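Asker: Based on the provided sequences and hints, a complete structural model is requested.
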Amino acid sequence: MANKIRVATTSLAGCFGCHMSFLDIDERMLQLVEHVEFDRSPITDIEHCTNCDIGLIEGGVCNSENVHVLREFRKNCKILVAVGACAINGGLPAMRNFIPLEECLNEAYLDGIGVENPQIPSDPELPLLLDKVRPIHEVVKIDYFLPGCPPSADVFWKFLTDLIEGREPALPYDLVHYD
Amino acid sequence: MTKFIQDLAETHRYQSTHLLDILRSIQTHYHYIPEAAIEQLAELLKTPRTQIISVVEFYSFFHLSPHGEYEILISDSITDHMLGKKSLIDYLSKKLNVAVGEVRQDGVVSLDNTSCTGMCDQGPAGLVNGHALTHLDHQRIDLITDLINQQKPLNEWPDNLFLVEDNIIKPGLLLNQSINQGSALQATFKRGLKETLSELEQSGLRGRGGAGFKTATKWKFCSEEPETLRYVVCNADEGEPGTFKDRVLLNTYAHQVFEGMTLCAAIIEAQQGFLYLRGEYLHLYEKLQGILEERRQAGLLGNNILKQGMNFDIEICLGAGAYICGEESALIESLEGKMGIPRNRPPYPVTQGYLDKPTVVNNVETFMAAASIAINGGAWFANIGTEKSKGTKILSICGDCARPGIYEYPFGTSIQTVLDDCGASDVLGVQIGGPSGTFIANHEFKRQLAFEDLATGGSFIVFDNSRNILEIVNNFIHFFAHESCGFCTPCRVGTSLLKKQLDKIIEGHGSAGDVVALEELCQLIKTQSHCGLGQTAANPVLTTLERYPELYQSQLKKISYEPGFDLDGALETARRLAKRNDAGAHLAQVEEES
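These protein sequence lines map, in sequence, to chains A and B. Numbering-wise (numbering that gives the first Met the number 0), the first sequence opens with residue 0 and increments by one. Numbering-wise (numbering that gives the first Met the number 0), the second sequence opens with residue 0 and increments by one.
These are computed hints drawn from the structure, not numbers from a lab. Quick caveat: nothing in here was measured; it's all calculated off a predicted structure. Accuracy of the hints is not assured; some may be wrong.
Stated by the list, open to error - Okay, the calculated bits of chain A under chain B, using three or more residues with CB under 8 angstroms as the criterion:
| # | region |
| --- | --- |
| 1 | 93-106 |
| 2 | 109-122 |
| 3 | 127-133 |
Yeah, the Cβ is synthetic: ideal placement off N, Cα and C, and Gly gets one too.
Answerer: Encoded structure:
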């Protein structure tokens, strides 16, 4: 089928929990792929995204590579979506924001119990850590936010079907309250 | 210390409602509130220690860690900035050898900023151990530095450092005619209480704090409550930046203000009154206590007032640096010795106020006007002003004008008239009603002072064309983020987000959608906040965005988006630790077009 909606997904400083929750739409995936084609995503192994309609980003921004990936998505996706608590607020990885980065790295690589051959990794292949973990909307423009840790499968389903059917996405209250 | 705290608690009869007073004494004595004192107070006042800690943390003037023996606070009001506050505090910081926000290593002095201290007509201003300093300049700072380094006690400092002027420039109906002690009460008893209330009704007097509720109606509602224990509270927590008229009224017309409170007590049959005086006006405390004592001696307070069988007395409570306590229900919470968090309304204070008893809370100026009306009658007052705003309004005028000070005008006076009188020229705009009010531009000066047009609690700040509107707005927005009480999320989080978003635009990191995002945030804070602070906190942005949209747009970059922080700078620590400086160890602030 031509003119399928092209969707890309990625996880930055996240745990892939949001992706797992997305897969929980279960058999509805079959309905979805009638309208949707996956571009760059952990479920396709395509390395770079091109000309996509929707980009789903899980996780916050913790290092320079996250910044590059996020920018690639922004450049190639018409609609960019922050998925889950980490993308929206920094989430669990942002708990390190209360500890200076130098202390974090010293503890992990120099002073921690059981560290052998202490040294801070410096291979140019490795991305450098930002001093603080940031929500993604502080680095690029984000069009929509899907709250939740993780957002439920129904949230993904409602959001994507709204977009596919040309409606302004809206999440009813029972999908976004958690107590 | 155990004995000190024990004695203190005993003096205050172990009343937890006196917590603020007790903490103030401890803070003055130890320059902070020690943990052990909190433990002991919890026992003595039968109050959870966490509640005491929350009160200490809530008020700016209490600290959990030691501050200097001399604690210097410099007023951060926009008017102080216009008088060169920034370079002065830098100079002071260098002279005293202490960074802003820190305590000097020897523990002798600490330095910080504080919200407007109400000395806008004689700034740059500050506080030393709570006592007001005015007209600060290099010479005075040199002197202060010497006094501190010699560790001279405050009572040996030269008086002129603490001189606070009234600067009454244009008195009107109320200020021209100071009343004789007791004459308002005599007139009231002679005419009859009911009859005096109806004179007040006829006068059309509305609350002078800004909201403008009819005074007679408020008093009537309170007097009709079935509960017999009732209270009168005078709101002298004059925290709106740019306002200082209540300071002058309490300095020079205190008798009349207290008389207005006593008059109210007679009408609503209250036995106890409170003057809630903002902590920044500590310099008035002793003087006001003296006046209360004088009135007791004269039979105008205490038992059997004027031999009419009326019993009423007034207590003065000092605030501790919280703007929110100017909101009447937060003020009542504070009077009860708690954090100043606004209550849900209704019930309003007239039905459930102090200790849940019916309470009238009015502004200083309202009580003063009520006393004059009791003598001169309702028509005398109602003859002046507009249809919906009767009488006069006392303004505190400051900023770019030749004669800052106190002015009194009939309602309905045009802004242009006021500007002409105070000697303002080349005016860019005027902030009416303080940061929570309205910014009006120079083509709107035909507008009037009145509840039906421009309402104000008294703040009137003039800006000339040399001023930068965005800097003004930024000062106000930072003020609200600092003063948010933290109770409701739209205000606590919203005012901080607003501060960050505005900083981003002003610092030049803004791009296409950022002004829209700014406005959306403003609407959210305005519509979702719990009390007046949040509901008005976005006004500085909203009122200037409406008038100068191009000013905001011109700050934006012609790109779709830019981060509001230094992206490459955020890698600096990691770069240093990994000893790297290759191309991969850097990030461009904005993605390069390819």
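Asker: Would you mind marking each hint as holding or not holding in the structure?
Answerer: Comparing the hints with the structure gives:
{"no.": "1", "hint": "93-106", "in the structure": "holds (count 4)"}
{"no.": "2", "hint": "109-122", "in the structure": "holds (count 3)"}
{"no.": "3", "hint": "127-133", "in the structure": "holds (count 6)"}
The earlier numbered hints are all upheld by this structure, with none contradicted.
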